[in-house]
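Asker: Once you have looked at the hints, place chain G on chain F.
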Amino acid sequence: GAVVSQHPSRVICKSGTSVKIECRSLDFQATTMFWYRQFPKKSLMLMATSNEGSKATYEQGVEKDKFLINHASLTLSTLTVTSAHPEDSSFYICSARGFLVQGAWETQYFGPGTRLLVL
Amino acid sequence: GDSVTQMEGPVTLSEEAFLTINCTYTATGYPSLFWYVQYPGEGLQLLLKATKADDKGSNKGFEATYRKETTSFHLEKGSVQVSDSAVYFCALSSLGTSYGKLTFGQGTILTVHP
Chain F
2 GAVVSQHPSR VICKSGTSVK IECRSLDFQA TTMFWYRQFP KKSLMLMATS
52 NEGSKATYEQ GVEKDKFLIN HASLTLSTLT VTSAHPEDSS FYICSARGFL
102 VQGAWETQYF GPGTRLLVL
Chain G
237 GDSVTQMEGP VTLSEEAFLT INCTYTATGY PSLFWYVQYP GEGLQLLLKA
287 TKADDKGSNK GFEATYRKET TSFHLEKGSV QVSDSAVYFC ALSSLGTSYG
337 KLTFGQGTIL TVHP
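In the order they appear, the protein sequences are chains F and G. Going by this note's numbering, the letters in the first sequence line up with residues 2 to 120, in that order. Going by this note's numbering, the letters in the second sequence line up with residues 237 to 350, in that order.
For reference, chain F alone in the conformation it holds in the complex (with noise of 0.2 Å):
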């Protein structure tokens, strides 16, 4: 149980462009997902937390309007980068928590990641 997936898991695109990347919680509701960004070689950087139905709540430095988040159901969230630029390349993580067995709502459950290369 507890399986989040990603998709895609690699992605490549043109400068200016959009791109979106889907997170699902497979086996389980999930009630708050978050997403992350990983650099090489680097610890995992949060860059927003999402509840079901509301709207993302974004770390200090992450751009809301480049970085869209939506939460639509409980077994789906949505990272959409606006506009990529190289800079934007990166390995970018979800995770989600929700309502699994007795004491164990607080684990989160991560997907297998997407990297996205911009060129």
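Source of the hints: derived by calculation from the structure; they are not laboratory data. Please note that a few of the clues may not be correct.
DSSO-like, lysine-lysine: derived pairs with alpha carbons at most 30 Å apart [unchecked claim]:
1) Lys43(F) <-> Lys304(G)
2) Lys43(F) <-> Lys67(F)
3) Lys288(G) <-> Lys43(F)
4) Lys292(G) <-> Lys43(F)
5) Lys296(G) <-> Lys21(F)
6) Lys15(F) <-> Lys288(G)
7) Lys42(F) <-> Lys65(F)
8) Lys43(F) <-> Lys313(G)
9) Lys296(G) <-> Lys42(F)
10) Lys304(G) <-> Lys292(G)
11) Lys292(G) <-> Lys313(G)
12) Lys313(G) <-> Lys42(F)
Answerer: Leaving out everything else, chain G in the frame of chain F:
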């Protein structure tokens, strides 16, 4: 604010050696503590966790004990394998923060040689 400090890497060991990766934390209240592992090219996987003082989390031969008195959650394994080569992240979740978001340590790269 909350913070997690891990021992600097990288750590290089021979197969069957003993592993310790140190992790200390600062947090308000009583956080839950986690170890996540990231294999090359993959996302993070939960390795083990502990939710209260003196709890011991264990999985796949790894274990860590929640020590409130020393604010530590060191990861140990008695005999590492080549397949344990990965990046290990210590993290905490403090219920007092918004939505229980995770605070990560910087990660420790572990390489195990045959």
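Asker: Assess, step by step, whether the Cα of Lys292(G) is no farther than 30 Å from the Cα of Lys43(F), and give holds or violated.
Answerer: holds, 27 Å
Asker: Take the C-alpha atoms of Lys288(G) and Lys43(F), compute the straight-line distance between them, and say whether it is at most 30 Å.
Answerer: holds, 28 Å
Asker: Measure nothing beyond the straight line between the CA atoms of Lys43(F) and Lys313(G); if it is 30 Å or shorter, mark the hint as holding.
Answerer: Status holds; Cα separation ~24 Å.
Asker: Between Lys43(F) and Lys304(G), does the CA-CA distance stay at or below 30 Å?
Answerer: Holds: Lys43(F) and Lys304(G) sit about 27 Å apart, inside 30 Å.
Asker: Has the given pair, Lys15(F) with Lys288(G), been kept, meaning a C-alpha gap of at most 30 Å?
Answerer: The given pair, whose Cα atoms are some 48 Å apart, is violated under the 30 Å limit.
Asker: Lys296(G) and Lys42(F) were given as a pair; does the straight-line alpha-carbon distance stay at or below 30 Å?
Answerer: holds, 24 Å
Asker: Would you check the hint for Lys42(F) and Lys65(F), treating anything up to 30 Å between C-alpha atoms as holding?
Answerer: Between Lys42(F) and Lys65(F) the Cα gap is close to 25 Å, so the pair holds against 30 Å.
Asker: Checking one constraint from the list: CA of Lys292(G) to CA of Lys313(G), max 30 Å. Satisfied?
Answerer: With Cα atoms ~13 Å apart, Lys292(G) and Lys313(G) stay inside 30 Å; holds.
Asker: Just to be careful, I want the Cα atoms of Lys43(F) and Lys67(F) compared with a cutoff of 30 Å; is the pair within it?
Answerer: Status holds; Cα separation ~22 Å.
Asker: So if I understand the rule, the pair passes when the alpha-carbon distance is 30 Å or less; does Lys304(G) with Lys292(G) pass?
Answerer: holds, 12 Å
Asker: Hinted pair, alpha-carbon criterion (30 Å max): Lys313(G), Lys42(F). Please report holds or violated.
Answerer: Between Lys313(G) and Lys42(F) the Cα gap is close to 23 Å, so the pair holds against 30 Å.
Asker: For a C-alpha distance cap of 30 Å, please report whether Lys296(G) and Lys21(F) respect it.
Answerer: violated, 35 Å
Checked against the numbered hints above, the structure breaks hints 5 and 6 and satisfies the rest.
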